[in-house]
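Engineer: Going down the list, the protein sequences come from chains A and B.
For the first sequence, numbering that gives the first Met the number 0 begins at 0 and goes up steadily by one.
For the second sequence, numbering that gives the first Met the number 0 begins at 0 and goes up steadily by one.
Note that these hints are calculated values from the structure, not bench results.
Check the hints yourself; a few may be wrong.
[Said to hold, decoys possible] No farther apart than 27 Å at their CA atoms in a straight line, the calculated lysine-lysine pairs in the BS3-like style are these:
(1) A:K102 x B:K108
(2) B:K169 x B:K132
(3) A:K124 x A:K185
(4) B:K169 x A:K185
(5) B:K132 x B:K108
[Claimed, not checked] Now the in silico label distances, taken between C-beta atoms and shown as ranges:
(6) A:A249 x B:R126: 41 to 51 Å
(7) A:S291 x B:A36: 33 to 43 Å
(8) A:F168 x B:S203: 43 to 53 Å
[What the hints assert, rightly or not] From chain A, some residues computed to sit far from chain B (all C-beta separations above 12 Å):
(9) A51
(10) M153
(11) L260
Just so you know, even glycine gets a beta-carbon here, dropped at the ideal spot from N, CA and C.
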Amino acid sequence: MTLFVQQLINGLSLGGIYALIALGYTMVYGIIELINFAHGDVYTLGTFFSLAILTLLGVTGIVSGPMLIVVVAVAILGAMLLCGLTGVIIERLAYRRLRNAPKLAPLITAIGMSFILENLMQYWKGPSPIPFPQVIPNPSFAVGAVTVEAKQIMVILLAVVLMMVLQTFVRYSRLGKAMRATAQDKDAAQLMGIDINTTIALTFLIGSALAGAAGFVSGVYYGSTWFFNGFAAGLKAFTAAVLGGIGNIAGAMLGGFLIGLIEAMTTQFIGDQWSNVVVFSVLVLVLIFRPSGLLGESLPNKV
Amino acid sequence: MALLEVTNLVARYGRITALSDVSLTVDEGEVVTLIGANGAGKTTTLRTISGLMRPASGTIRFDGRDITRVAPNEIVRAGIGHSPEGRRVFPRMTVRENLELGAYTRRAKDEIAADIERVLTIFPRLRERYAQKAGTMSGGEQQMLAIGRALMSRPRLLLLDEPSLGLSPKLVQTIFEVIRDISARGTTILLIEQNARQALAVASRGYVLEVGRIAHQGAAADLTASEVVRAAYLGGGA
Ligand SMILES: Nc1ncnc2c1ncn2[C@@H]1O[C@H](COP(=O)(O)OP(=O)(O)OP(=O)(O)O)[C@@H](O)[C@H]1O
Ligand SMILES: [Mg+2]
């Protein structure tokens with residue numbers, strides 16, 4: 000029982016990172032039906048950018064007091080901004096001109112973008128793992144025999160809060176409605192007066208910024224990163240998005256937490272080497288019974 | 000000066016020429032109909048006017064301004080509303096959200112609310128379905144929503160692409176009454192219809208499109224009486 004609760008907490012914090020990344024996959028897929036393979040690398044880039052910002056601020060270890068808030072805020076917001084811009088640039092340079100091309104063209108381009116980002120990061124920081132400073136004091140709380148670390152709570156809270164902000168934005172704001180309209184029918188959206196280029200760029204901005212936030216969190220959480228980090232994490236996060244129902248924001252969140260939980264539980268109770276097998280088996284099973292994912296809607300897209 | 004002036008329009012889908020020479024005008028306050036067989040290029044003409052398609056050549060002027068290569072989102076702001084072929088309502092949004100999106104170019108909240116009220120008065124069915132997702136509504140209800148949504152931008156010119164397609168005879172009557180009503184309130188209308196007889200009955204003038212070019216044009220009454228048009232589009236007798 001103790002082990003189970005312990006893995007529940009581990010799984011949820013791991014899942015929080017997947018969830019943040021999954022939001023970007025699901026938003027981009029929702030609006031232009033593209034599996035943005037470069038998204039996992041934008042997440043790694045988030046860790047790299049955070050590291051660069053911390054280095055600029057001269058932070059190499061634990062920060063405490065009010066400075067902690069400043070440092071964390073600057074690093075997170077900086078990484079979000081830089082990743083957001085990276086996403087916008089990728090869309091503008093690589094994907095936009097392929098919007099009316101056969102589906103395979105942007106897909107291959109996305110894989111190419113992924114390689115480019117990975118190689119740039121390898122060039123920047125080398126091929127080996129890079130240590131990430133422990134910025135946050137990390138007291139742990141013993142609840143019975145279960146240990147909860149402060150950074151675990153941080154990951155879960157950040158993921159949930161960002162998702163709620165995003166959900167509110169998409170549901171109620173003018174631009175959020177424009178995003179949904181563009182996702183559902185681009186021609187009709189334009190007939191409403193919506194500039195779909197701006198709307199799609201905004202989607203990349205937000206999705207990539209969330210990956211940037213995940214990048215910072217993952218640096219703090221794991222204490223290290225490397226240029227290839229986004230490959231596996233990206234694949235899991237994409238799986239999370241599909242599991243939850245691609246295109247669906249709450250679904251990406253749910254999928255992310257579920258994948259994190261499944262991974263933690265498998266590692267504990269079955270064995271580390273089985274975690275990918277179980278994750279993808281669950282995906283296949285869910286898709287057999289619910290092809291549109293757990294929360295995916297099956298209304299027709301086009302009339 | 001005509002409100003809408005289309006001159007020598009040519010439009011292609013890749014190597015397929017959909018419009019080889021289309022010229023037409025619509026004056027302020029008029030209802031003009033564009034009729035023609037399947038594949039004649041009616042929808043292409045409207046899509047080119049509202050900027051969804053770039054013409055290969057030709058010009059489109061609206062209220063004196065050249066809008067030939069203007070982006071569709073700007074053309075709505077210029078005053079052209081378009082209820083497209085196949086309705087194209089946002090399926091996963093409610094009736095309310097669809098109507099609000101129709102007013103995307105406008106800011107004044109109270110005026111928008113008043114216009115939604117007006118649309119709901121024209122189409123009482125939409126009031127009953129107000130919180131329902133548009134994709135779950137019947138074809139006729141979606142058609143009403145598409146027309147109502149196009150009205151929400153307060154267009155000076157309304158483009159209607161086959162608003163009566165697939166509707167029951169009773170609903171077709173309703174739609175034509177609504178078209179008359181919208182026109183009576185001062186909106187200029189360019190109407191595409193398969194239902195040529197009814198279209199010519201509400202319109203003052205008409206154009207007949209044949210494989211990408213205007214083959215006949217004239218006063219609605221003259222077209223209705225014309226032998227050629229009768230034979231090809233009005234199903235012969237009566
Ligand atoms: N997306 C497209 N790609 C290629 N050809 C197209 C496309 N859309 C239309 N066409 C062709 O252009 C021509 C004109 O089509 P359009 O849809 O404008 O006709 P229409 O008069 O509206 O017909 P209908 O009464 O069936 O709606 C047709 O020959 C059609 O096959
Ligand atoms: Mg048509």
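Engineer: Failing hints, ascending?
Structural biologist: Those not satisfied are hints 1, 3, 4, 6.
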